[in-house]
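Enquirer: Sequence:
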Amino acid sequence: MIIIGHRGVAGRFPENTFSSINAAIELGLEWIEVDIQPTKDGILVVCHDHTVNRCSNGKGRVDELTLEELRKLNFAHRFNSSMPPQTIMTLNELLCLADDRGIKLNLEVKVDKHDAHSVCQLLSKELLKLNVSTENILLSSFDHQVIRELHQQLPQFPLAVLTERLRKKDRALLKEVSAVGCNLNHVWTNQSQVESLKADGYQVWCYTVNNPNRLKHLKNLDGLFSDFPERFL
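With the sequence shown counted from 1, adding 24 to any position gets you the numbering used here.
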């Protein structure tokens, strides 16, 4: 089973920052999951929330701040007072780091007020500019329109449909975009769903599992996301 570092090693380091990504690399993980979204000036950055309030010493929406403004914030500020300051990472920086260190990335595309088409265009530009291998990237999103846009703009890259609970429309989308997998919330997933998806040829990865005992009801998963990946190694 593949162990995916959720936002790096988010249980012990500020999520989606260099320190968290580097910790996952040091653990020897093959896969790391991160979230990406655009800034005001159209730069894709690594950040989960649509505001910087929870994770930094600033306030405001990511898409209402320029990269220069975001760079001034400390994304370790609310995590641990003894943690060295962490600036926001751009997707470009992360892709270069991943290539240099030989890691694979699950890029979750976040949209809120954004136009799905334009966000996917930004992602396409970055991946193609750096000639990123399709073997080293998995694209995913909760937003079905984003998944469709990714399928249209980047058909060569593997896709996973993200969902809290497996629904008929999720199954339909899996088939529509020829997805390789379905990423599910382990709390709302049962063994029958896992077996059905795998029988149809899909990989099943579950999130976010931080206690090994929480997986007793699920067998034969292909992967799991964890804030504490070391607990599963």
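Hint data in this document are derived by calculation from the structure and do not stem from the laboratory.
Please read these numbers as outputs of a predicted model, since none were measured by experiment.
Please note: incorrect hints may appear among the correct ones.
With a straight-line Cα cutoff of 30 Å, these simulated DSS-like cross-link-like pairs (lysine-lysine) come out [as the list claims (entries may be wrong)]: (1) Lys-153 / Lys-240; (2) Lys-153 / Lys-192; (3) Lys-153 / Lys-64; (4) Lys-96 / Lys-153; (5) Lys-240 / Lys-192; (6) Lys-199 / Lys-222; (7) Lys-137 / Lys-199; (8) Lys-137 / Lys-153.
Okay, the calculated beta carbon distance ranges per label pair [said to hold, decoys possible]: (9) Gly-52 / Asn-209: 25 to 31 Å; (10) Lys-199 / Asn-81: 42 to 48 Å; (11) Glu-92 / Ser-216: 48 to 54 Å; (12) Lys-96 / Gly-225: 29 to 35 Å; (13) Glu-117 / Asn-81: 19 to 25 Å; (14) Leu-239 / Arg-85: 34 to 40 Å; (15) Glu-117 / Ser-216: 21 to 27 Å; (16) Arg-85 / Asn-209: 21 to 27 Å; (17) Thr-111 / Glu-88: 14 to 20 Å; (18) Lys-192 / Lys-153: 24 to 30 Å; (19) Asn-81 / Lys-222: 40 to 46 Å; (20) Arg-102 / Glu-200: 36 to 42 Å.
For each residue, glycine too, the CB sits at the ideal point set by N, CA and C.
Enquirer: Are any of the numbered hints broken by this structure? If so, which, sorted upward?
Expert: 1, 2, 12, 15, 18
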